[in-house]
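Just so you know, the protein sequences line up as chains A and B, in that order. For the first sequence, our numbering begins at 1 and goes up steadily by one. For the second sequence, our numbering begins at 1 and goes up steadily by one.
Hints were generated in silico from the structure; no laboratory data involved. Hints should not be assumed to be uniformly reliable.
Unchecked claim - Reference listing, derived: stretches of chain A covered by chain B, where coverage requires no fewer than 3 residues with Cβ under 8 Å from a Cβ of chain B: (1) 17–23; (2) 112–119; (3) 128–137.
Heads up, the beta-carbon is just placed ideally off N, CA and C, and yes, glycines get one too.
2 protein chains.
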Amino acid sequence: MPAEKSIRLHDIGEDELITRLTAGLRMDEKVRCGPGDDCAVLYSPQPAWLDLLKTDTVVEGIHFLRGEDSEAVGWKALARPTSDIAAMGGLPSAAVVTIVAPGNLEVATVEGWYRGLQKAAEAFGISVVGGETSSTHSDTAVISVAMTGRVEKDRCVYRCGAQVGDAILVTGRLGGSLASGRHLNFKPRLVEARWLTEHFKIHAMMDLSDGLARDLPRMMKLSERAFCLDEKSLPCHEGISVEAALSDGEDYELLFTLAQDQISGLMAAWEKQFGNEPLLSVIGEVSTGVQTQMSGGWDHFSKS
Amino acid sequence: MPAEKSIRLHDIGEDELITRLTAGLRMDEKVRCGPGDDCAVLYSPQPAWLDLLKTDTVVEGIHFLRGEDSEAVGWKALARPTSDIAAMGGLPSAAVVTIVAPGNLEVATVEGWYRGLQKAAEAFGISVVGGETSSTHSDTAVISVAMTGRVEKDRCVYRCGAQVGDAILVTGRLGGSLASGRHLNFKPRLVEARWLTEHFKIHAMMDLSDGLARDLPRMMKLSERAFCLDEKSLPCHEGISVEAALSDGEDYELLFTLAQDQISGLMAAWEKQFGNEPLLSVIGEVSTGVQTQMSGGWDHFSKS
Numbered sequence: 001m002p003a004e005k006s007i008r009l010h011d012i013g014e015d016e017l018i019t020r021l022t023a024g025l026r027m028d029e030k031v032r033c034g035p036g037d038d039c040a041v042l043y044s045p046q047p048a049w050l051d052l053l054k055t056d057t058v059v060e061g062i063h064f065l066r067g068e069d070s071e072a073v074g075w076k077a078l079a080r081p082t083s084d085i086a087a088m089g090g091l092p093s094a095a096v097v098t099i100v101a102p103g104n105l106e107v108a109t110v111e112g113w114y115r116g117l118q119k120a121a122e123a124f125g126i127s128v129v130g131g132e133t134s135s136t137h138s139d140t141a142v143i144s145v146a147m148t149g150r151v152e153k154d155r156c157v158y159r160c161g162a163q164v165g166d167a168i169l170v171t172g173r174l175g176g177s178l179a180s181g182r183h184l185n186f187k188p189r190l191v192e193a194r195w196l197t198e199h200f201k202i203h204a205m206m207d208l209s210d211g212l213a214r215d216l217p218r219m220m221k222l223s224e225r226a227f228c229l230d231e232k233s234l235p236c237h238e239g240i241s242v243e244a245a246l247s248d249g250e251d252y253e254l255l256f257t258l259a260q261d262q263i264s265g266l267m268a269a270w271e272k273q274f275g276n277e278p279l280l281s282v283i284g285e286v287s288t289g290v291q292t293q294m295s296g297g298w299d300h301f302s303k304s
Numbered sequence: 001m002p003a004e005k006s007i008r009l010h011d012i013g014e015d016e017l018i019t020r021l022t023a024g025l026r027m028d029e030k031v032r033c034g035p036g037d038d039c040a041v042l043y044s045p046q047p048a049w050l051d052l053l054k055t056d057t058v059v060e061g062i063h064f065l066r067g068e069d070s071e072a073v074g075w076k077a078l079a080r081p082t083s084d085i086a087a088m089g090g091l092p093s094a095a096v097v098t099i100v101a102p103g104n105l106e107v108a109t110v111e112g113w114y115r116g117l118q119k120a121a122e123a124f125g126i127s128v129v130g131g132e133t134s135s136t137h138s139d140t141a142v143i144s145v146a147m148t149g150r151v152e153k154d155r156c157v158y159r160c161g162a163q164v165g166d167a168i169l170v171t172g173r174l175g176g177s178l179a180s181g182r183h184l185n186f187k188p189r190l191v192e193a194r195w196l197t198e199h200f201k202i203h204a205m206m207d208l209s210d211g212l213a214r215d216l217p218r219m220m221k222l223s224e225r226a227f228c229l230d231e232k233s234l235p236c237h238e239g240i241s242v243e244a245a246l247s248d249g250e251d252y253e254l255l256f257t258l259a260q261d262q263i264s265g266l267m268a269a270w271e272k273q274f275g276n277e278p279l280l281s282v283i284g285e286v287s288t289g290v291q292t293q294m295s296g297g298w299d300h301f302s303k304s
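Work out the full structure, taking the sequences as your base and the hints as a guide.
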């Protein structure tokens, strides 16, 4: 281990960095839930509601590539935080957009991003109400989107509520998102999440962004539970191995847990409501103990 | 003029870029005021209040330099959007932070940013409730802060309200912010703005971030007014020329207009409340016509 002062971000990885950074933050009485969940949750002036706040970013070379369809990049930039609002059971409201870009970037590219942002905003009932632009001396563009939302207090779902014996479920199919281009045109599971929280008592929920192998242990760590994963039941995209489905990331599907005795009712009602699009799969069970790791998944800052 | 498809950001500059980007946005009934002011303004569930939303960013090499005191950089990252909330007459509430950084950056630097962010958050009554971290393949770090706030409906001040005959005033002193390091430790004029809107009917207000020479014409363009500036009365920092005070930028002082017949009362009450710290200066008058330009000031993306 190098001396403290020369420790770099890639030495400790994303989760340890976030643990260190959030340790010194202090929440006040406005805050229902600070860092660690899909969104921050704040008390609302309307007692039956909670306010949601989220920021998310796409970085050139990491989340999109120069030359990729700029409208799709803009769509993705707005769809990512929308997916986090969905994962709380919430409704998105307004967004502000920060663009950091080199001066020699084509105006048409940035205009394409904004067309995609607006297209997604209209699709999900969001107003893009402002933004900020800054130049950079680097070649790397960044689009950062902050979003507000709201959710009925009794329908807000956190990551930390998984109960022993719960079934673990996932919407849609997993893996191959980057290679297939799905990461650029995915549809956040807003409608499905609202339907779930309207009809069922979902115990814990999050959206899958870094791959099931990283995200499921995060949920279980916060819930102080362990899990049994039935890898055979993983809904892999066509041609995708179980390993890739676990670790590719950028699926933007819902991962949630629900009491076992609700599952047959859920499956029947889901099929009636949505058919097979998206798929809904039971992939495991919550167990006793605390399980915080599993191999695979995407880590920002790791050297690999 | 080059062909449309090869126009670059530095060919059109920041204001034209923003005009193009925001032209395609559509606001819904939640929105009181979209892009163009210091903050976006949204209707609140509490009829007497409005919700504010702002995003602002600091980019390495533009707003701060590698090796600069990291706590001060974090302070600045949070103080900037706080200054925009102040400029609406508002109270800041919660913030979320996006960090984009290369994997080889020292952890201690990012921890320093967060200490500064938290210090500013406590100073201004804000909770940092979440964030997002992403790696980048570039060497350039970015800190983007989105902030919510609120303001009483009858105390919200827009950029567009300047009236012919109004005096134009500015708090504090201008110029030399980057060279002196003031841009890293400035204190947003929250208290002063709240006091102003409590006691006076401020017609238009904004914070000075790109220099008076750019920001005053922006206010007058939105107000559809022109202005006479009394350059001799500009409150320049010691050793700073009028030209530099007009164009250096990053002052984070309040620029506002008020009916002439209120000025003597304001000046007396201000001195009683604040003494000479900060200074309050009448620097000009709002006139008929529409004045949208003046030489000087900072333009992101311009080649100069």
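Legend entry - Coverage of the stretch 112–119 of chain A by chain B, judged on three or more residues with CB within 8 Å: n = 3 at 8 Å, threshold three: holds.
Inset, instruction - Confirm or reject the coverage of the stretch 17–23 of chain A by chain B under the rule of 3 or more residues with a beta carbon closer than 8 Å to the chain's beta carbons. - result: Our answer is that it holds, as 5 residues pass the Cβ test (under 8 Å) against chain B, meeting three.
Legend entry - Outcome, coverage of the stretch 128–137 of chain A by chain B - at least 3 residues whose beta-carbon is closer than 8 Å to one in that chain: With 10 residues closer than 8 Å to chain B, the stretch 128–137 of chain A meets the three-residue bar; holds.
Comparing the model with each earlier hint shows no violations; every hint is respected.
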